[in-house]
Each structure stands twice: as C-alpha cells, then as structure tokens.
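Asker: Sequence:
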Amino acid sequence: MSLKIIRYKNYGNAMKAMPDENNKVSDLFYFCLFELDNGRKLSIHTYKTYNDKKSIYEWNTFMSQNEKGEDIDLGEYSVSYNDEYNFGEDFSEWFKRIPLAADVAEHPFDDEYYCVIDYYEKNIKPKNN
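The sequence shown maps to residues 9 to 137 in this note's numbering.
Be a bit skeptical, because a hint or two may be false.
[What the hints assert, rightly or not] Here are the computed lysine-lysine pairs in the DSS-like style, where the Cα-Cα straight-line distance is at most 30 Å:
{"#": "1", "residue 1": "K135", "residue 2": "K61"}
{"#": "2", "residue 1": "K62", "residue 2": "K32"}
{"#": "3", "residue 1": "K12", "residue 2": "K130"}
{"#": "4", "residue 1": "K130", "residue 2": "K62"}
{"#": "5", "residue 1": "K62", "residue 2": "K135"}
{"#": "6", "residue 1": "K17", "residue 2": "K32"}
{"#": "7", "residue 1": "K62", "residue 2": "K133"}
[Unchecked claim] Computed Cβ-Cβ distance ranges for the label pairs, DEER-style:
{"#": "8", "residue 1": "K12", "residue 2": "N94", "range": "17 to 23 Å"}
{"#": "9", "residue 1": "S34", "residue 2": "N94", "range": "29 to 35 Å"}
{"#": "10", "residue 1": "K135", "residue 2": "G83", "range": "16 to 22 Å"}
{"#": "11", "residue 1": "G96", "residue 2": "F37", "range": "15 to 21 Å"}
{"#": "12", "residue 1": "N46", "residue 2": "R105", "range": "21 to 27 Å"}
{"#": "13", "residue 1": "E75", "residue 2": "R15", "range": "38 to 44 Å"}
{"#": "14", "residue 1": "D119", "residue 2": "P27", "range": "37 to 43 Å"}
No wet-lab data here; the hints were simulated from the structure. We treat Cβ as the ideally placed atom computed from N, Cα and C, and that holds for glycine.
Using the sequences plus the hints, can you model the full thing?
Answerer: Structure below.
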C-alpha cells in the first residue's frame, strides 16, 4: 500500500541563525509538518547556509560524528515523528515541545520517510527557494 499525504503545514523559513559581526545570517532553517493516511504525523527540518563566495544561500546537509570522530553526512533532511502536533498551531509553541534529536527513540519507517521527502521536494521546497 502506498502512503499518501492527507495534509501539511509549511512553516517555511521559520528560524534563522544569529547574525555574525558583519550582520550576515549564516543559516536559514525550514520546517514542514505532514499527516499521512496511516495516521502518523511527521516533520521535515532542512536548512540553507550562506555561501560567501557565491553570495547566496544554498541547501546544506546535516553532519554528525561517529565515536571515532569521523564526519558522517546525515543527508539534507531531518525527518521525525510529531504525533503531538496540532495542525495550524503557532510554530514556536510546537517547537518548544519537541524533544532533542538525541532523545528521539522512534524513527519513521522508510516508506513514511520517503513519502514526505518526495512530497516536500516536488510541492513545497521549490517555494522555499
């Protein structure tokens, strides 16, 4: 069975990094929430980083390190369950309730993950450029 998006709320560029000493904002953070036809709610978080050489913001990837201190590219999206989300609520109210990434115990199944990414890339991300 193929999953479908029932509804979504795109918060777009909901947060920014603090400006540096030259008043440049280094990162722009984008958020979108989805409800799937299986009843689960998921969020996508992605971001753009300012490229000084090109003088534009470009989509970036999330990075982490393993126990050996080696860099790990986690990809362009952070996707997680957000079943407690109430559609249409104020972004800041929702954001202050979400757990830290390190505290997340359950992760979306591949079909859920790719369903929201596919929808986001085809229908929402172009509007965030």
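Asker: So, against the hints stated earlier in the document, which numbers end up violated here?
Answerer: Per hint list: zero violations.
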